[in-house]
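K.L.:
Just so you know, the sequences run in chain order A and B.
In terms of my numbering, the first sequence has 56 at position 56, counting the first letter as 1, and numbering is strictly consecutive.
In terms of my numbering, the second sequence has 524 at position 104, counting the first letter as 1, and numbering is strictly consecutive.
Errors might be hidden in some of the hints.
Result set (BS3-like, lysine-lysine): computed pairs, CA atoms no more than 27 angstroms apart in a straight line [stated by the list, open to error]:
(1) 128/A to 496/B
(2) 94/A to 274/A
(3) 45/A to 159/A
(4) 336/A to 57/A
(5) 401/A to 45/A
(6) 159/A to 496/B
The hints are simulated quantities; they were obtained by calculation from the structure and are not laboratory data.
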Amino acid sequence: MYALADCNNFFVSCERAFQPQLEGRPVVVLSNNDGCVVARSNESKALGIKMGTPYFKVKDLVDAGKLVVRSSNYTLYGDMSGRIMSILSSASPKMEVYSIDEAFMVMDGMNSEQIKPIAHSLVHQIRKWVGVPVSIGVADTKTLAKVASHFAKKYPGYKGVCAIDSEEKRLKALSMTEIGDIWGIGWRTAPKLAEQGVKTALDFVNKPQEWVERRMGITGVRTWLELQRHNSVEDEQESKRKSICTSRSFAQMIDDEKELTLRVSDFAAICAKKLRSEKTAAYTVGVFIQTNHFRDDLSQYDPWYSINLDVPASSTREIISAALQVLKSIYRPGYKYKRAGVIVMDIVDNDDIQPTLFDFDAKARERDDKISQVMDKVNKSGNNILRLATQRPGHYADGIKCDFRSGLFSTQWNDLIEVH
Amino acid sequence: MANNKKTVLSTMKVDGIHVGFPSPAQDYMNPCIDLNMELVIHPSATFYGRVVGNSMLDAGVEEGDILVIDKAIEPKEGDMAVCFVDGEFTLKFISFRSPEDVKPVKSKGKVLSSYNILEHKNLWLLPANKAYKPIEITESNDFTVWGVVTYVIKKIVKK
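Kindly produce the complete structure, drawing on both the sequences and the hints.
P.N.:
Here it is in C-alpha cells:
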C-alpha cells in the first residue's frame, strides 16, 4: 500500500510554527516578489480568498487588520521540509519526496491496520517536533492515497489519517470527490469532463476504458485504473531531473543589456550549482526574456533560444558563458523586460559524460570544475562571495520584493526567535 | 553537514604523512568534536533561540545567551522551557505546583528548593530572578510549551 503524507497549508504552517500568535487567524503567504497569494490558512480560505489572488486585492483586508500577510520565506520552508522528510523517511525505507510538502511512503507488505498506527504516530511526531500539521492518506494506489489524504485533511474526525481500505469506502470517497480534485486531472480537462456529465470521480470510473482513452489518452487511462486500485503510476526511479529552470520576475522592469546580463548570469550560476549538487551536467542551455504582459501600453517581446554544448557541462563558467551567448542573440534594445530565466536541459549523470574526440580541452574542463568546487564551498552561506565578473554582488534574491518576510528562524544565527 | 566533516578529516590525514617517519598519532585519529553531535539530541526537532532580558539570571541564563531548544522532549516538572504565553516567547522553569507550596529546605547550611507534593491543577512558570513574579497559567491564557531547553550557550570572550 501507499501512504501519502501532505502538510496542511504548508507555508502558513511554517510561519505559525515560529509565530504561534498567527494560530487561528487568517494568514496568507505571497509569491516571490509579493505578487499574489500562494498559500492560505483555513481561516483565509473561509474569507473567500482564492489561490493566485493578487496582493493588491487583499491589501484592504490587511490594512484593516483582518488578514495577516507574509512574503514567501523559502529558506525557512526548505529547512522545515527537510526536517519533516527526515522524520517520514524513518518510518518507511522507500519514500518518494513528491514536492516540498508531500511525500509518498511505499508500505510494501503491510495492510492498512498495520499502517494506520504508524501514520497516526507520524502525524503526532511531526506536529510536536517540527510544529507543522500533516495529513496522511493510505490506499492501494498513489492516486487513491491522494484522495484519502484530502479526506484526512478535511474532516477533523480522522485525526489526520484516512485509509481507503474497503470497497465501500472507495466508492463513497470517489462519489464525494469532484473530478477536478483528482491527481492527474488537469484544470483544463475537468470542465470538459463536466460537460460530458462526469462531475465526480465515481462518474469517471463508471465510464468504460475506451471512453476515457478516446478523450484523454493513456494518461487518463492510468488515472482511471489507479482509482480502481490498479497501480499504474510507476514508482519513481532514482532518476535525475530532466531540466532545471531558474527564473525570476524583476521588481523593476529592466531595459539595459548590462543589467540583464548580470541577472541572467546569476540564474545560470544557480542552474550550474544545482547541476553540480546532483552530480549531473547539461547538454543544452536556454534563456528566455519576457516583457510585462500586463502592460498593454508597452511593446511586447518574449524570445526564447537555446544552444547545445559539445560536452555536457556543470561549471559556473561554462553555463554562464553559454547563457550569455544565448542572451546576446535574443536581446533587443527598446523593450522593458519584466522577467528572465535560464533553463538547462538534456541532463546526464556525471559518470555518463562522453567527451567528444575533437576540440575537447580536458585540462580546461578540469580547471573549470575545480573553480566551481571552490565557489560552492565558499558560497555555502548563500551569499555570492565568489562569483564571475558578470554576476551581481550580494544574494541572488536581492532586489526581489519581500516586504513581509519573517525571519530565517531555523537557518540564520541573527534571526533566531527571541525568548524573554 | 556530513560532507563538510569528511573534507576536514581527509585534509588532516593526508598532509605530512608520506615523507619521513609516520606520525605515531596516525592510528589514533578521531574526527574532531562535532558540537552538533554532542548538543543536538533530536536534529529534526532542535531549534535555537536568543535570550532577551534577565528573568532566569539566577539559573545562570542572561541576556544574549543562545538556547538549544528540543521540541521532541516531553516537558516535565522543573524543566527549563521556552513557552509561548499571550503573544510572546518566555523562558521559565515549568512547575505543576504553586510557588507557595515551594518551601526552602536547608541541608548542611545550603538552601535547597523543595516542593510539597500537593495536587495542583494549574501550571506555573517560575522565573529565576526575584525581580520577576511567577506566572500562573490558566485556561484564559494563550499558552503552549514550545520546547524544552537542553543547553545554554554563553559567549564569554568580549570583543
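K.L.:
Next pair to validate is residue 45/A with residue 159/A; report whether the Cα-Cα distance is within 27 angstroms.
P.N.:
21 angstroms, holds
K.L.:
Please work out if residue 336/A and residue 57/A have their alpha carbons no farther apart than 27 angstroms.
P.N.:
With Cα atoms ~25 angstroms apart, residue 336/A and residue 57/A stay inside 27 angstroms; holds.
K.L.:
Within a Cα-Cα threshold of 27 angstroms, do residue 128/A and residue 496/B meet the stated pairing?
P.N.:
Holds - the C-alpha atoms of residue 496/B and residue 128/A are around 15 angstroms apart, at most 27 angstroms.
K.L.:
Against the 27 angstroms threshold, does the CA-CA distance of residue 94/A and residue 274/A hold or violate the hint?
P.N.:
24 angstroms, holds
K.L.:
Given the hint that residue 159/A pairs with residue 496/B, test it: the Cα-Cα distance must not exceed 27 angstroms.
P.N.:
Holds, at about 25 angstroms.
K.L.:
Within a Cα-Cα threshold of 27 angstroms, do residue 401/A and residue 45/A meet the stated pairing?
P.N.:
Between residue 401/A and residue 45/A the Cα gap is close to 24 angstroms, so the pair holds against 27 angstroms.
Consistency with the previously given hints is maintained throughout, with no hint failing.
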